[in-house]
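Make a model of the complete structure from these sequences and hints.
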Amino acid sequence: MQVKNTPKIELRDVAKSFGSKRVLQGIDLSITKGESLVVIGGSGTGKSVLIKSIMGILKPEKGSILIDGEETRHLRGHARDLHMAKFGMLFQGAALFDSLPVWQNVAFKLLRALHVPPKTAKEKAIETLASVGLGEEVGEIYPAELSGGMQKRVGLARAIIAEPEIIFFDEPTTGLDPIMSDVINDLIVKCVRDRGITALSITHDMASARKISDKIAMLHDGKIIWTGPTSQIDHSGNAHVDQFINGRAEGPIKMQIRRD
Amino acid sequence: MNFLAPIGRTFIRFLSATGRLSWFTCRGLSHCVRPPFYWRQIGRQIIDIGYYSLPVVGLTALFTGMVLALQTYSGFSRFDANSAIPTVVILSITRELGPVLTGLMVAGRIGAAIAAELGTMRVTEQIDALTTLSTNPFKYLIVPRLLAGTLLLPVLVLLADIIGVFGGFLVSVYRLDFNAAHYISESWKYLEFRDVTSGLWKAAAFGFIIVLMGSYNGFNSKGGAQGVGAATTNAVVSASILILISNYLLTGIFFAG
Ligand SMILES: Nc1ncnc2c1ncn2[C@@H]1O[C@H](COP(=O)(O)OP(=O)(O)O)[C@@H](O)[C@H]1O
Ligand SMILES: [Mg+2]
Chain A
0 MQVKNTPKIE LRDVAKSFGS KRVLQGIDLS ITKGESLVVI GGSGTGKSVL IKSIMGILKP
60 EKGSILIDGE ETRHLRGHAR DLHMAKFGML FQGAALFDSL PVWQNVAFKL LRALHVPPKT
120 AKEKAIETLA SVGLGEEVGE IYPAELSGGM QKRVGLARAI IAEPEIIFFD EPTTGLDPIM
180 SDVINDLIVK CVRDRGITAL SITHDMASAR KISDKIAMLH DGKIIWTGPT SQIDHSGNAH
240 VDQFINGRAE GPIKMQIRRD
Chain B
0 MNFLAPIGRT FIRFLSATGR LSWFTCRGLS HCVRPPFYWR QIGRQIIDIG YYSLPVVGLT
60 ALFTGMVLAL QTYSGFSRFD ANSAIPTVVI LSITRELGPV LTGLMVAGRI GAAIAAELGT
120 MRVTEQIDAL TTLSTNPFKY LIVPRLLAGT LLLPVLVLLA DIIGVFGGFL VSVYRLDFNA
180 AHYISESWKY LEFRDVTSGL WKAAAFGFII VLMGSYNGFN SKGGAQGVGA ATTNAVVSAS
240 ILILISNYLL TGIFFAG
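Chains as they are written, first to last, in numbering that gives the first Met the number 0: chain A, 0 to 259; chain B, 0 to 256.
Derived from the structure by calculation, the hints contain no laboratory data.
Keep in mind it's a predicted model, so treat the numbers as computed, not measured.
C-beta: ideal position from N, C-alpha, C; glycine also.
Mixed in with the good hints there might be a few duds.
What the hints assert, rightly or not - Interface residues of chain A toward chain B, partial, derived using beta-carbon atoms under 10 Å:
1. 32
2. 93
3. 111
4. 157
5. 169
Structure below.
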């Protein structure tokens, strides 16, 4: 019974600064197994920093990050690797390796970390590419030859091929046209919900947020200022959230001029 | 007292930069001796660093040997010391010019390429992506380059030695009318084993320095295209300076007394 009630991901009072710039200032967040949470917030509010802190790519100064109820902040070496194996991530710019053909990008983890034989790995890569709507021929070309939307699909295939328990999406639809955005949203819903994967996405695209989330949290000034079910987002009663989802220039959120 | 503050700040910045570089070096070295090893990556780097540097290194060595013979001739003929040319050429090439010039040329070629490639990978989040794919970026990106650089620079320098001496031979025989057989026997006469080996040890050190500075600057670059450009410049400049300084220190160690 214990396992059922433990959140898949839980953050308590997580803080992260760069020099004197305080980006995260005490984040509390909890995601149950199989749930899809979307964090919304303006550019430069620290959404990417939040995801990287959970994965351990960045080291927060303060707070707890629990995965399956286990504190992960101080894990190193093999114990860290075991947690990393649960994660998949789709990066904002897809972050494909441009020296490798698409199929080797998709199969990267199988080939380099899990030591699956190349033939099996390639078959699995082609199968995964098909599940994001890409044909076998795409596997042989190089990432630089693909459009932004195609790159995102390949990135998605790479993130799901090793069957992660938790998947992170960093602005999956930013920079795509509305139709391609919707294709990506559909793929995310299909790949994540159907497989029971726990998902944490960040975006400032409200159409995407509504489509792919069960729950929405808003990040502002280094804190989570509102959390609630997606159906409640229009009735949050929070002036910041209202301004953000309606995209108004006037309101409590002031435009940030400098990044740092 | 205020004028001391900038000095103190610079000093602290220097210390912390040195500390970061040392930590980076230790991490790189410790990953060199622990599995897994990415043999395919090591092979790729051997081809990139070794094979593709051959034309640059060969041309540099050839013309250096040739010009060395000419210069020595025009200088030494003033006091009838022409017979020393073969010795001057072979000692200068094997002890100094082979390793240093090869090191500087490879720093420009490989140091810059490593910094640009790793820098681009950093700013496009490819290095973070490696971590999420359960692959250690140090092992996958840096160890193969460190191994290839340290092992291959001595090979390149040995070839540069041979080509450089050959360049001196060509000029001496075809332009300065030396007797070929005599030139060759004179070359060997005063050459000691350690003249060559000291150059090869230097080469290994230079190879390590070149890859280390390229990797360190690339790995830590930030801020888009401009950041990658700065990382590339820093990699080449710092590697070149460290090569010249360590060359002096190593020469002192090898040939003291
Ligand atoms: N590695 C880093 N070093 C210094 N500052 C950083 C670093 N990563 C992010 N930042 C800063 O943290 C802030 C939040 O960045 P980010 O999380 O990328 O924003 P976003 O919400 O758009 O994803 C930005 O001001 C950025 O400049
Ligand atoms: Mg971001």
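Inset, instruction - Enumerate the violated hints, using their earlier numbering and listing them in ascending order. - result: 1
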